[in-house]
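**Q** Just so you know, the sequences run in chain order A and B.
Heads up, the first sequence is in the working numbering, so the first residue is -6 and it goes up one at a time.
Heads up, the second sequence is in the working numbering, so the first residue is 9 and it goes up one at a time.
Derived from the structure by calculation, the hints contain no laboratory data.
A quick note: this is a predicted structure, and the numbers were derived from the prediction, not measured.
Ideal Cβ placement from N, Cα and C applies to all residues, glycine included.
It is possible that part of the hints are untrue.
Unchecked claim - Some chain A residues near chain B, calculated using beta-carbon distances under 10 Å:
no. : residue
1   : V17
2   : A20
3   : F85
Single-letter residue listing:
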Amino acid sequence: MADRTEWQRAVESELRALGRELEVPPASDLTAVVRQRLEGRAGRRRQVPALLPGAQRLRPAWRAALVVVVAVLAVLLATPQGRAVISHVLRFAGVELRQGPGPVHSPASSASLPGERRMSLSEARRQVAFPILVPAALGRPDEVVVSDGGRIASLVYRRTPSGTVLIDEFAGHLDPVFFKKFVHFGDVSQVVVNGTKGLWIKGPHELMYITREGKPATASSRLTAGNTLIWEIRHVALRLEGKLGKRTALDIADSAH
Amino acid sequence: MRRGIDDGEAVARALGGDLDAYGVLVARYTLRAHRAAFLLGAGEESDDVVQEAFVKAFRHLSRFRVGEPFGPWLLRIVTNETRNLTRSRRRRAALVLRLPSAESGGPAAAGPVDEVLAAEQRAQLMAAVNALPDTERQVVVCRYFLELSEVETAQVLEWPLGSVKSRTSRALNRLRGRLVSREQNRVLDG
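Extracted from the complex, chain A is given alone in its bound form (with noise of 0.2 Å):
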């Protein structure tokens, strides 16, 4: 139609693509069972041939236990409570991302990564094995910090137009897992950072640092700040923390290398 605006056949053609998915049980081959009932061989509905003597008589009783059945299945996939069971897993540049909420967390203010040590950008260079970037569009940071034993570096700006924005680096491709988040996927959308792939996280989420055992540090666990951005540049995975905007956040991603 003429008068479709874009959005509407955005929304058109997903229906579609969703339509291509739904699960729609198996069919039965009724030519026959027709046939018999136009012919009037048979008596009314479902002809289901008697492969056992008696299977006549149990039939009702099945049927009612099947609806009972399949009625309470369907009251658990329709509740809140049903849905909650489906849980998504999904890993990036060594940050896991999980759909639902977290465990119990501290407060913020209170949460810290295990053995956090400040130093100069220089000294921090020093002590982790992969190259630290910083974002030309933030320029040097007021704070370094440098986390289990050089696992992991962060910059922190405390006075940017947005307020306190941080920065976490780590060699995301030397474990599974460096940081895992708690969140609603509809909150998560992919982006293009620097041309390669990146994902954007949408409100604050509860954020837990895993160690090189693959043990959470309940220590570390806590809400974010914000609007979160993760990217990878060269085997350097960066997780950036701030009240931001997306437009701003890929600014600073790209002004990083």
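Once you've looked at the hints, dock chain B against the given chain A.
**A** Only chain B this time, still in chain A's reference frame:
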């Protein structure tokens, strides 16, 4: 079997009592009819509904106008049978439509980013469709899940064409509203 004959010819022969010819139509349209019945709310009773629809269609074949497409004509009967069923069981006409089990429980596995996000978006859209009022859901099922035209949808649901158009656009608006947070992400943030 005379698989080679077209719908019009099959109907003409069936009218003359040729059950083989009608069998060709049954075989040809069972899948489509079953999908329609299921998506319009017949659920596990879809086979029964389709069987009943084929029997009724045969008995009403004389009302079928020569040259008319058989598919929508049959689907209208399937839709009526589905309505009778849902009315008799006094349930909401719609059962909850589902996506395949890739996203239904089980041990969660880490998937590629694109797949996980796309699956989540599909799940959100599915939930939004399930939450639509009945009439709007029916029109969405016909137009997008059964991929019928507006004219065919009007015929199948026995609504005026204007209602098909207005309910379609209301449904699209509502679905857009439900997905607005996602859209806003895109539109406002770049």
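**Q** Take the hints in turn and mark each one as holding or not.
**A** Structure-based check of each hint:
no. : hint : result
1   : V17  : 5 Å, holds
2   : A20  : 4 Å, holds
3   : F85  : 5 Å, holds
Of the numbered hints listed earlier, not one is contradicted by the structure.
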